[in-house]
Amino acid sequence: AQTVTQSQPEMSVQEAETVTLSCTYDTSENNYYLFWYKQPPSRQMILVIRQEAYKQQNATENRFSVNFQKAAKSFSLKISDSQLGDTAMYFCASRNTGTASKLTFGTGTRLQVTL
Amino acid sequence: SAVISQKPSRDICQRGTSLTIQCQVDSQVTMMFWYRQQPGQSLTLIATANQGSEATYESGFVIDKFPISRPNLTFSTLTVSNMSPEDSSIYLCSVGVRMWGEQYFGPGTRLTVT
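Protein sequence lines correspond, in order, to chains W and V.
Just so we're on the same page, my numbering is the position in the first sequence counted from 1, plus 36.
Just so we're on the same page, my numbering is the position in the second sequence counted from 1, plus 16.
Everything labelled a hint here was simulated from the structure, so no lab data went into it.
Even glycine gets a Cβ: it sits at the ideal position worked out from N, Cα and C.
Any given hint could turn out to be false.
To give a feel for the contact side, a few chain W residues facing chain V, derived at Cβ under 8 Å [said to hold, decoys possible]:
#	residue
1	81
2	84
3	127
4	141
5	143
Next up, chain W with everything else stripped away, as it sits in the complex (with noise of 0.2 Å):
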């Protein structure tokens, strides 16, 4: 079974400021997604990036970036330039590749932007 691992429950970062955000998983598989879910106080999961555990090169969307660690099983989110609208709680997740299979999430790291 997968697992993800989230350790910091809170963080906080200035606007315009740059944050990371960790995440560990393990799974017994070679081939995976891995996944970051923003949940803002709307409550709506959105999903901000995606990677392929069979590719190497780190995803990039806009000011959001991975670091993908694939020994090391860890998927960190890097938020550059914060933005007020950041302000959300941060899923990390992953999901083998098999057409049933399902998301584990972590617990999540709510991040706090302040001006």
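Dock chain V against chain W, hints included.
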């Protein structure tokens, strides 16, 4: 991506009653999922609902408590039966996108049981 709507967005119910939550998708999808998110917690998968087959429930969730319907490729319902205050949670539906493996989520239904 997919656009997903849920009804109701929130409700306050009395213990012992049942509530049916609807999930509508703007495109045909094979895989739909129902999650529960208890206050301040992460998401827990209740069941997977594929069209044309019975829902598959996760450990700790049973069909009598959470019956699910999936009549077509764009719609599903989740019923929370015989509710107790412990059922107070956000319930989210999501759909799977086969190519990339990610799931897209509806806006959630906030349920409060008194």
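So, going through the hints one by one against the coordinates:
1. Hint status for residue 81 of chain W: holds, given a least beta-carbon distance of 4 Å to chain V, under 8 Å.
2. The interface hint given for residue 84 of chain W is broken, as the beta carbon of that residue sits about 10 Å from the closest beta carbon of chain V, more than 8 Å.
3. Restraint check, residue 127 of chain W versus chain V: the minimum CB separation of about 6 Å is within 8 Å; hint holds.
4. A hinted interface residue such as residue 141 of chain W counts as satisfied when its beta carbon comes closer than 8 Å to some beta carbon of chain V; here the least separation is about 5 Å, so the hint holds.
5. A distance limit of 8 Å between C-beta atoms decides the matter here; for residue 143 of chain W the minimum to chain V is near 5 Å, and the interface restraint holds.
Against the hints set out earlier in the document, a violation occurs for number 2 only.
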